[in-house]
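> For reference, the chains in residue letters:
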Amino acid sequence: MAERTGPAGSGTPAIRLTSLRKEFAGTPPVVAVDDVDLDVRSGEFFSMLGPSGSGKTTVLRMIAGFEEPTSGHIELAGADVTKKQAFDRDVNTVFQDYALFPHMSVAENVEYGLLVKKVSRPERRTRVAEALEQVRLGDHGKRKPSQLSGGQRQRVALARALVNRPTVLLLDEPLGALDLKLREQMQVELKGIQRDVGITFLFVTHDQEEALTLSDRVAVFHAGRIEQVGTAREVYESPASAFVAGFVGTSNLLAGDAARAVIGREGSFAIRPEKLLIAPAGDTQRGDGLMGAEAVLEEVVYGGPVTRYVVALDAGARLTALEQNTGASQAAAHLRRGERVRIQWNPEHVIDVPESASR
Amino acid sequence: MRLGRGAKIALTAFATVVLAFIYVPILVVTLNSFNSDRTFGWPPPGFTTQWWSLALQAQGPRDALLVSVKAGLGATAIALVLGTLLALALSRYDFFGKHAISILVVLPIALPGIVTGIALQSVIQNLLTPVFGIGAGLFTIIVGHATFCIVLVFNNVTARLRRMGGSLEQASADLGARPFTTFRRVTFPLLRSSLLAGALLAFALSFDEIVVTTFTAGPDSQTLPIWIFNNLFRPNQAPVVNVVAVVLIIVSIVPVWLAQRLAGADAAESRL
Ligand SMILES: Nc1ncnc2c1ncn2[C@@H]1O[C@H](COP(=O)(O)OP(=O)(O)OP(=O)(O)O)[C@@H](O)[C@H]1O
Ligand SMILES: [Mg+2]
Chain A
1 MAERTGPAGS GTPAIRLTSL RKEFAGTPPV VAVDDVDLDV RSGEFFSMLG
51 PSGSGKTTVL RMIAGFEEPT SGHIELAGAD VTKKQAFDRD VNTVFQDYAL
101 FPHMSVAENV EYGLLVKKVS RPERRTRVAE ALEQVRLGDH GKRKPSQLSG
151 GQRQRVALAR ALVNRPTVLL LDEPLGALDL KLREQMQVEL KGIQRDVGIT
201 FLFVTHDQEE ALTLSDRVAV FHAGRIEQVG TAREVYESPA SAFVAGFVGT
251 SNLLAGDAAR AVIGREGSFA IRPEKLLIAP AGDTQRGDGL MGAEAVLEEV
301 VYGGPVTRYV VALDAGARLT ALEQNTGASQ AAAHLRRGER VRIQWNPEHV
351 IDVPESASR
Chain B
1 MRLGRGAKIA LTAFATVVLA FIYVPILVVT LNSFNSDRTF GWPPPGFTTQ
51 WWSLALQAQG PRDALLVSVK AGLGATAIAL VLGTLLALAL SRYDFFGKHA
101 ISILVVLPIA LPGIVTGIAL QSVIQNLLTP VFGIGAGLFT IIVGHATFCI
151 VLVFNNVTAR LRRMGGSLEQ ASADLGARPF TTFRRVTFPL LRSSLLAGAL
201 LAFALSFDEI VVTTFTAGPD SQTLPIWIFN NLFRPNQAPV VNVVAVVLII
251 VSIVPVWLAQ RLAGADAAES RL
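So the protein sequences, as listed, match chains A and B.
Going by UniProt numbering, the letters in the first sequence line up with residues 1 to 359, in that order.
Going by UniProt numbering, the letters in the second sequence line up with residues 1 to 272, in that order.
Simulated from the structure, these hints should not be mistaken for laboratory data.
Glycine included, every Cβ here is placed at the ideal spot set by N, Cα and C.
Possibly wrong hints are sitting among the right ones.
Stated by the list, open to error - Computed spacing ranges between beta-carbons, pair by pair:
id, chain 1, residue 1, chain 2, residue 2, range
1, B, 180, A, 80, 18 to 28 Å
2, A, 139, B, 183, 28 to 38 Å
3, B, 6, A, 185, 48 to 58 Å
4, A, 182, B, 16, 45 to 55 Å
5, B, 162, A, 19, 33 to 43 Å
Unchecked claim - Straight-line distance between alpha carbons at most 30 Å, and here's what the computed DSS-like set of lysine-lysine pairs gives:
id, chain 1, residue 1, chain 2, residue 2
6, A, 117, A, 142
7, A, 118, A, 84
8, B, 70, A, 84
9, A, 83, B, 98
10, A, 275, A, 191
11, A, 117, A, 83
Assemble the whole structure, with the sequences as input and the hints as a guide.
Written as structure tokens, this is what we have:
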């Protein structure tokens, strides 16, 4: 299910995928991408999120031109490029392993795209300097890639792609190889650069937090199909399927008997952990208009700013609650494993989850 | 892995014996080329360089050396072009029968030289000479050597391509380079050292080959090893044979040593 119509004035999409399908030969053949329809708007930071093997990289490689679709069409800025070779497409890729040319200096790496497109030498020089400045590597131009740190290589890969001013930049888990600190720092930089240059970013990740914080919109992949496309808020607050609810954020799924007992209706429901309140059993102070259920506290995991509580409902489901450690009058702070607790939530925060995405 | 004291001593002794078995005879040949005793009495009564000057002036070894160098260069050139193309095709493209072809390419190095030799000889006698008027000679030696020299270049380049992976070439295409530009600016520069290593090995192999050469060389195109073989049992040639043997050893060992060093430097550079 893809959204064909964006907000008014979105114009021609930067990328349009129509019934895109990719099968890899084998016995049985692997359907890596299964009839994907998708519009990515011009100037958008768009993420493809999904578990390992869900087909994200394959979609990206088909857009770049490294893989030929079994069927379907790819349009870039309104022009059908399905049959075009990689070197004829106005997209650039930041590879997961960076794929920097080891025999060239950093500056030569960045210059490469301009060189093969026969841009004049003076212009090459200024644009390379600009691009290196943009990724804060202005004085590293003479080094070889092997003399750089992981984060610096990543930025060279970014500069090498950006210097060509493509209409679309494809990024395949570009931060995957970095440690957490550097990763968070690069996320901020990446978002800043995208805002500055205004290029469409198509970003692949299996880190849901990364996808939610960076993206204007997210497509959630599952087994070669798109389960949902939407803003971070839409995907998180109103998941279109149980899979999306479970993959994006902690699931807290209530189904079957548990749903009937706790919610009072048939169906599957999700409640986000930060929406659950936890209190000692019998505590009804915050009861106004809230729904609640009795449970046993199974696990308390202190995590700095937040504490994670895992509870087993008497009705037979296991939920996770996340509480801010504000320090002020927290009844929950003194709870111990094995204690009986009452968890509560606002009925508004109960999400109806369809079993599978309607297609 | 840690070894016990006994095992260490045993291993050292064993390695010494094996190396001695290989290198002592070579050392003896080398010393004998300076032995002043015409019948190589041992220990040498004295040393002389007269066999060396004799050998340098003799026409037979000189002609043979020239043929060997030409054959080595020719076979290496063919091996470089064909070996590289084959390696590129087999590592970078998918097609029917790919696996079979890669085995067929490597097979000549395993085939007994005598079989290759007889087969080539029958082609020369029954096809090349009657139909095309090409007799056994330098050309047929080159072709014969090329059959197994290709393998060395092919193996070196294939190993290198495998280590490189395809993503550098894809990155190049992604940045707008057409296939030939990608080859010129990315693939070839990264292959250069393995091409050189392959070429050196191919040359060394061609230079001391004798079995296949026996069947493909004509009466007046002797390579150095064949010349040695033909003169080995002529007593008055013995001192010169020794000198030629030493030359052969040096010309064969140096490229192998260089190739080894190249491979080492290469591995260090390509690790990123
Ligand atoms: N060249 C190939 N040949 C055969 N099968 C392939 C090939 N490339 C990918 N696949 C299969 O296609 C499916 C999708 O792979 P893909 O690489 O697109 O997943 P992904 O979503 O990028 O996963 P990850 O997050 O692990 O990178 C997988 O089942 C994979 O095994
Ligand atoms: Mg992937």
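> Compare the structure with the hints numbered earlier in the document and write down the numbers of the violated ones, lowest to highest.
The structure breaks only hint 8.
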